[in-house]
Each structure stands twice: as structure tokens, then as C-alpha cells.
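These protein sequence lines are chains A and B, in that order. So the number in my numbering is just where the residue sits in the first sequence, counting from 1, plus 1320. So the number in my numbering is just where the residue sits in the second sequence, counting from 1, plus 198.
Selected chain A positions facing chain B (Cβ under 7 Å, derived; list incomplete):
(1) S1457
(2) D1578
(3) V1601
(4) L1616
(5) A1650
(6) L1652
Hints in this document: simulated from the structure, not taken from any laboratory. The model shown is predicted, which means the values in this text are computed figures rather than measured ones. Quick reminder that beta carbons are idealized off the backbone N, C-alpha and C, glycines included.
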Amino acid sequence: MSTTAHERPATLSAWLAHWRIDVQLFAALLCCALLGLFVLYSASGRSEDVVIDQAVRVGIGLFAMIALAQVPPHWYRVAAPWVYILGVILLVATLVLGDAAMGAKRWLDFGVVRFQPSEISKLVVPLTIAAYFHHRSLPPKLTDILVAGVIMAIPVALVVRQPDLGTALLIIAGGGFALFFAGLRWRIILLLLVLAAAAAPLVWFNLHDYQQQRVLTFLNPARDPLGAGYHITQSKIAIGSGGVFGKGWLNGSQAHLDFLPESDTDFVFAVYAEETGLFGVLGLMAIYGFIVARGLFIAIKSQDTFQRLTAASLSLTFFFYAFVNMGMVAGLLPVVGVPLPLISFGGTSMVMLLASFGILMSIHTHRKLLAT
Amino acid sequence: MAADDAIKNHAAERRLFLIRTVAASLLLLILIGMLIARVVYLQVYKHGYYETRSQDNRMRVEVVPPVRGLIYDRHGNLLANNEPAYRLEIVPEQVSDSVKSTIARLSKIVNISEADKQRFYSREKQTPSFRGTPIRLSLTQSEVARFEVNRDRFPGVDIRAGLTRNYPLGKYASHLVGYVGGITESDLADVNKKRYRGSSHIGKAGVELSYESRLHGYPGSRVVETNAAGRALRQLDMHPATAGDSIVLTLDSALQKVAYNALGDQDGAVVALNPNTGGVLAMVSKPGYNPDLFVDGISHANYTRLLNNPHKPLYNRALQGQYPPGSTVKPFMAIGALETGVIDPNKKVWCPGYITLPGSNHRYRDWKRSGQGWIDLTQAIERSSDVYFYKLGMKLGIDNIYRYGSMFGFGQKTGIDLPRENAGIMPSREWKHGNRHLPWYPGETLITVIGQGFMTATPLQLAQAVSEIAERGHAYKPHVLKAWKDPQTHTTTDYKPKALPPIELKDKRHWDIVINAMKGVVDNPHGTAHYYVGQHLKYPIAGKSGSAQVAGLPQNEVAPDLDSIPHRLREHALFIAFAPIQHPKIAIAVLVEHGGGGSSVAGPIARRVIDSYLDSLPDSKTLQVNYSGNKSKTDS
Chain A
1321 MSTTAHERPA TLSAWLAHWR IDVQLFAALL CCALLGLFVL YSASGRSEDV VIDQAVRVGI
1381 GLFAMIALAQ VPPHWYRVAA PWVYILGVIL LVATLVLGDA AMGAKRWLDF GVVRFQPSEI
1441 SKLVVPLTIA AYFHHRSLPP KLTDILVAGV IMAIPVALVV RQPDLGTALL IIAGGGFALF
1501 FAGLRWRIIL LLLVLAAAAA PLVWFNLHDY QQQRVLTFLN PARDPLGAGY HITQSKIAIG
1561 SGGVFGKGWL NGSQAHLDFL PESDTDFVFA VYAEETGLFG VLGLMAIYGF IVARGLFIAI
1621 KSQDTFQRLT AASLSLTFFF YAFVNMGMVA GLLPVVGVPL PLISFGGTSM VMLLASFGIL
1681 MSIHTHRKLL AT
Chain B
199 MAADDAIKNH AAERRLFLIR TVAASLLLLI LIGMLIARVV YLQVYKHGYY ETRSQDNRMR
259 VEVVPPVRGL IYDRHGNLLA NNEPAYRLEI VPEQVSDSVK STIARLSKIV NISEADKQRF
319 YSREKQTPSF RGTPIRLSLT QSEVARFEVN RDRFPGVDIR AGLTRNYPLG KYASHLVGYV
379 GGITESDLAD VNKKRYRGSS HIGKAGVELS YESRLHGYPG SRVVETNAAG RALRQLDMHP
439 ATAGDSIVLT LDSALQKVAY NALGDQDGAV VALNPNTGGV LAMVSKPGYN PDLFVDGISH
499 ANYTRLLNNP HKPLYNRALQ GQYPPGSTVK PFMAIGALET GVIDPNKKVW CPGYITLPGS
559 NHRYRDWKRS GQGWIDLTQA IERSSDVYFY KLGMKLGIDN IYRYGSMFGF GQKTGIDLPR
619 ENAGIMPSRE WKHGNRHLPW YPGETLITVI GQGFMTATPL QLAQAVSEIA ERGHAYKPHV
679 LKAWKDPQTH TTTDYKPKAL PPIELKDKRH WDIVINAMKG VVDNPHGTAH YYVGQHLKYP
739 IAGKSGSAQV AGLPQNEVAP DLDSIPHRLR EHALFIAFAP IQHPKIAIAV LVEHGGGGSS
799 VAGPIARRVI DSYLDSLPDS KTLQVNYSGN KSKTDS
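Produce the entire structure from the sequences given, and follow the hints as far as they go.
Below, the structure is given as C-alpha cells:
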């Protein structure tokens, strides 16, 4: 970098560069988070408390992002296995000591903060796999694939026990993306997909009742319009009634009249779609698309295996969150508890997502200027 | 590790990664495409459908039921009132658990009886589950407060403020005013259903029934925005209901009570009309019942008690009861005889204790076994001679008896503005042929002319008939409606009394003869009612007594002592009258079931009602018997 640490930066861009902030990624994330505050104000029924809470979390997340951007990428490679182990320990602790909410133990209360340890695993599993593959030759050999499988399986098993099927799937997705980018052979990918399909009945009978209900309801929302299908029916009404231009900010009747449950958390996309219409949805998708594209660009530009795999799988995981949430709210996918990235009300998700982009920034801004 | 690192082919791995990134990007684009397609499908293609669903979610049209018109008597006293009341309703669709457990939990904070539950479950079956069904009616203030505090625990349960009907005059005017009750399927068959959406009650009896369509009013509607729990949050549009018109009746509540009380503990009816208009001043059927019991749905036990009561309190004797009118028909028969010229009123006729018809030894007895001797028409009416009228009837014949009886309204409904009136029977040859398939026998003429045999009449018909005499053939159709009162502006629209087809006599003096004879019934020392009615007369009264046989007396037997006959076989006591004679203000018919003597039992009741009514008039002094024009002049 041309600017040295002890010189005072002259311009904003120089200042951002000094703090190792990727301007484009930062702008897109900030844009998304601010949009989220507006959406939340409406979705929460004009609750200023909700907006202030969320703004504080955005602040903490941005701070964490910038802080993590300062750390050289190889530190992450070294630290990943240790953080992974810490995450597993916390997951075990959650199962033993955690707070139960809605019949599931997901939270750990540290007095000051209360968070879901599964979020750590979501972030650190792809990093650990990337770190593992860093020294291996790619595409991965069968033993390496098995090791990666075990790295994924331990936190997944613990999260399933909570039970939190959605997060388990997201951890599998994160690790799976790392494997995919590592060059897992197509044959094996195909084989795994077939195995997964074959195992589906087995999984089905091990699902909790409410999880089975969700899947059944997804397949036929009209089955139970006042019970399990109510969420999805009301959310489709919200999206559909928004039309091309939307009902306008603060005018979405579905959320404001309490027809739409969880309107400021998992179903916030329905409120957004109702109030801003198709244009708003396309705009949000454009922002998400830009963030993912920027992440993949950073991955391509990065300089070693760990960085590549980390940047690419974190970007894809981000996309996956957004897709699963929007797909679920729009009735394309079954209802799983996945928040809309950077918009849904909730601290852990917000901070962890921004933190993961801090790692991407670190990867991008610590490149050595050399020709490859 | 280091060894492994050494054999890494960095260029190949880079290429591999690039290929994977391109593959991933393609997958992303496909997924984004699916998502966009889905959103376009929802927001563009199905927009109309979801827009409607959203509006349906949000808006609800509620019917605003109209306020029912009030019922007043002629002096503005309330006969039917609307009182604010709070009821507790359950919307089965919206309760959090089951209706049953909600009721169980509710019963801990408000008192819910078994009867309440029964009514709820029977009504709930007929109500769509998104509509409220009342579980408790007329909550007390403290129950309302207790529920409000606990409201959050009871989704789908709500307090509805409403009006409930009550009847200040209670049993005194129960048959006349009637009552409202819960609407049933059969009620809705006769009315415009749209007008009853949102209404819970409909007129079931009396004025409440006969003027239902005008008392009810027209419902309004309001569009409200509701939240997911169905609670109305704000009103988007309002079309207010049009309250029903209030009705003013011709009834005099004070007189109604006097008449009711005058009957004492006997069953019977009193009908008092204003002969100048046909307006009903009092119409009593005793015993009455408590109409308030019916408003919120009468309990099975109470209803059974009313139905099984031997005194039949639900039966409106005044216009449903059909009784042989007995000697009260004699004045009307006298008019017929005078008009047809079959008798000379001044000619004295020999009246022994009985007569027989040629070719028969059946004795047609006079009520007085010794007979009345030589008497003329006036004396025959005053003393109520049966034999005189047997002879009169033979000359008049059944066809003329039928003609003149019908002229005074016997055998036809009066057409009063109250439901379920009966017509009574004015027998004729045709009637008997049609109903009994038998020819008319001469003996039947004799008993018809004294109001026995086939002939029956309602107390209302008798009151109307005596009004005709009072008004000398120019009476009005009996009615209870005096005026309509607009609930908003309080402007009244008077009902115009309808004149009955006038009875024009060939000789108007015939009226005088009969009226004079009826005066004699009361004030002539030989008059049947002189002793019981005519003492210390305040107002000039013309009357006629009647005693209607319930069971035929065995032949040749002396009428036994009254007290020795079982009550149910005793004669009905009747009395008809009007007063004051020159300017009639009141015409009355009194019936006492199994009362015995018309003059002794029914007469005093009529006198009490007449005196009470005339006393209440502002010009009562000028109507009195001993009023002297000179005295009045010196007074003023």
C-alpha cells in the first residue's frame, strides 16, 4: 500500500484505504443496512426502539467488520481451527445451559450479551475447511473430503440437537461451498446429492413434529390456513398485494394490522415487498447481487487457497441466506428460520454477517502487489 | 504439511477455482431468476387476487342495527322502552383454545348459568363461526369491569353494548303491547331479510308484532379496518341506521291498570273504546304475563309454567276469546226488529216464564221463572226479558237476525291493528249449512236472538257494537295507533281514524228507543243493573248485562244456586255500556269468565272503568248526571 500507517490520510478514499475498507463492499453493505432500518421502522409498527436497537447493532457490526479487516488474512487461517473448537464447546454449553425459546435451546446468556453460538460455527466452518485445504493439493482427495465432512458434521449434529434445522442446513451449506470451491469432483457432488435424496425419508422420521408440519405446509399451504400455513399464506398475500409499485412505506396493511407474523424478523421481506413492490424487490436483489459479485471478485483476486476458498464460500453463504429467506417468504421453499441478511431484526446475524465481510476486506486489502 | 504444499500446482488450482466460480455464478443467476420469476408471479400476475385477499383481510363490513322505536300511551307514558345493556359474546372462530374451555375460564370472572350455556350452544349452531353469539346478557357493571381487566386472556370474547327492550307496564298491558323475542328462521320468512341483518330481536306479539315493520327501522352499515384478531381498529365508512319510528297508542295506561285491577282475581277481559274515534282506551285480558321474560329468550321452565297455567295467561281474551254474548245482543236485535217493523215498541206483550214452539214441548225459559207479565220493548230490554225476545225473534226470523247482527259487526273481525283477532260466529242458514250440513231449526232462532246457541263474539266486537249504538251508527274502526313519532325530530303524524260503514236507520228515533232502554237498565229501579251499577250515578250510563250459559240446563230444571255450581260450569258474566249518554266518551265491554251474573259481576267493573276514565277528563264536571246548566253559569 502506498499510504504508510503514520501519515495522515488526505482524502476520504485514502482514509478508507488506510483502514483497509473496501469502498464498494462497504457502500453496498451500509446501503443495505440503512435500508433495513427503514424497513424495520415500518415492519415493527413504527417502533423507534426497534430501529435504535438495530442501528446500534449495525454500528457494532461495522466496527467489528473494520476491526477484522485490519487483521492479516493468514491469522484467520491459523486461528480458524481454534475458533472452531471454541464454537463446538459453546454449542455443547448451549445444549446444557441454554435458554429455551419456543421449545428450542439456541441461546447462551452471558449476562451482558445473549447470542446464538451456532452463528460462530456458521462463520468458522468454511474458514476451517479452507484452512485445512490450504496445504492440500486440489481437487481434494477422498480422505480430505472425509476430514472436511467431519469438520461440518460435529457442529451440525450439535445444532440439530437444539433443534435448529435451518442453522444446521446453513452450516452444511457454508462448508459445502468451501468444498465446492476446493474443486470437489462433480461425480462426488452428484453422488452426495443422490445420497441426500435417499436419506431424506430417514431425516423425515427424525424430524420434530413442528419441522414435519413446516414441510407439509410448504407442500400445501392450504392444508392448514389458520395454523402452520397461516404464515406463508399471509406472506404471499403481503407480497402479491404489493404489486409493481408497492403500497408505500408505512402503508403495508398486512404487517401493520398483525396479519403477518414475525413481520420484523424472518418475514420482513414480505413487509418490504408489500410496501415497495416489484421495484423495491429488484432493487434489494441488485444490492445483494452486487455484494455477492464483489465477494466473488475478491475471491478471484485473492492470492492463496485459504483466502480464495474463504472469500468465495462466505460470499456464497451470504447469497444462500438471502435466497433461502426470500424463497421461504415467497413460498418457494419451506419455512426455515433464516433471517433476511442485513435487514431482519436481530443482533447476532447482523454482527456476524458484517464480521464475515470484514474478513473479505482483510483478504482484499492485504494483497501483496506481485505478478502471478 | 510442507511436503504437501510443495506438490501444489498453483496455476491448475487457480484455473479450477475460476471454473468453479463461473459455475457458482451461473447457479446464482438461475436461482435469482427463479426468485424474480416467483416475485413477478405474485406481484404482477396474481396481484389482483392478492390485492383482494389483502382487502378482505383488512376490511369488514358490519351491519349497524337500527334502534327500535319506542311505544308510548296517549299521555306519553312509556309502554316499551330500550334500556342500555351489555352482553358478552363469543366468536367461536377467534377463541384461542376451545369454546368450551373459554366458557369454563369465563365463568370464573362472570356468572354463567346452565341456562346461559344452553342458550349459547343452541344459538351457536345457527350462527356462522365468525359471528358472535351471546353467552351472557345484561352484565352487571362490576362484571363488565372484571371482564375488561382480563380481556387479553380471552381472544374472541367481547362485550357488546346494546339496547334491551323492557315493558314498564308489565302484565297490565302484556297482550296489547306484546313483546319482542329472538329472531327465528320462521320469523325471517315473512320479512325482508336484509332489514334484519345484525338485528337480534323481532316483534312476536301485540303492537310489537303488528307494527313490527315500522318500529324496526332500517339497518345501516359501517366499514371497519380490523386487525388479525378481528378487532375493529378504525372506521373507514359509515352509513348510519335509520331508527324505527316510535308509536303513540290510544291506550290510557292509568285506565288500563284500573280495568286490570277491577277484574280482581277473576279471569276476564275489558275493552274500552273511545266511540268518537274507535281508539282503544283500555284492553285488558286477565291474567296477564310478564313480557320481559320473553325478550332474552324465555326459559323452558317459565314457558311451560305459562302454557300449563289453567288460567291461560298467554291467551288474549279481549280479541281471541269467543263467548256467547248472551243478553248483551238484545239491544242490537231490538234495532233490527224496529227497523223491519215486526214489532211496535209501545205495544205490551204477555211474557210468561217460558214459551214453547208449535209442535214441540221444549220449554224456552225466561231467566225469571215467574215471567215478566205485560211489558213493552223498553221494559223488555231493561228487565232483559227472554220471552219478549223469543217472540221478537220468531217475528224477525234468522235471516234478519243475521243481517242486523252482521251490521253491528258480529261474526266479522273488527280489523283492529293487533294480531290474531278472532271473528266469532254470527250464525245464519248458510253458516249452519256450510259448517254443520244441517238446515236451520226454528228453535235455534230463539236462542240466537238472546245471544246463545251458535253465536259467539269477542269482547272487542261487543265494545265495537256498543260504540255503534253510542254513535248512532257512525262509529269508527277500533285501533290502538294514535300517532307516529319521528325519533329524531319528535314530530308526530296523527293516525286518522277510519269511519266504519255508517248504519243508517230508516227512523232515527229507533236509536233513542234503544238507548233510552239501555239507560233504564242502569237507572230504572226495574233495570237489571240498577242495584249493582246504577247507585249514585256520577255520569249518565247506558248499558246492558248478559250472562252466557256455558253448559245447557237440563230441561224443566230450576236454575240452581250459583255457589253450588262448579266454577268451570258457571255462566260467563258480560256487561256492555257507554257513557255519557248524550256525548259518549267511552264504550265498554266487560267479560268475566264464569263470573255468574252479568249485572252483579261484570256491571260494577264497567262502572268503575267508566267513572275512572270520565273523572280523568278535563271536562268531567260537565259530563256528570247532576250537572245543571244554570249552576254552571253562576259558577263561571
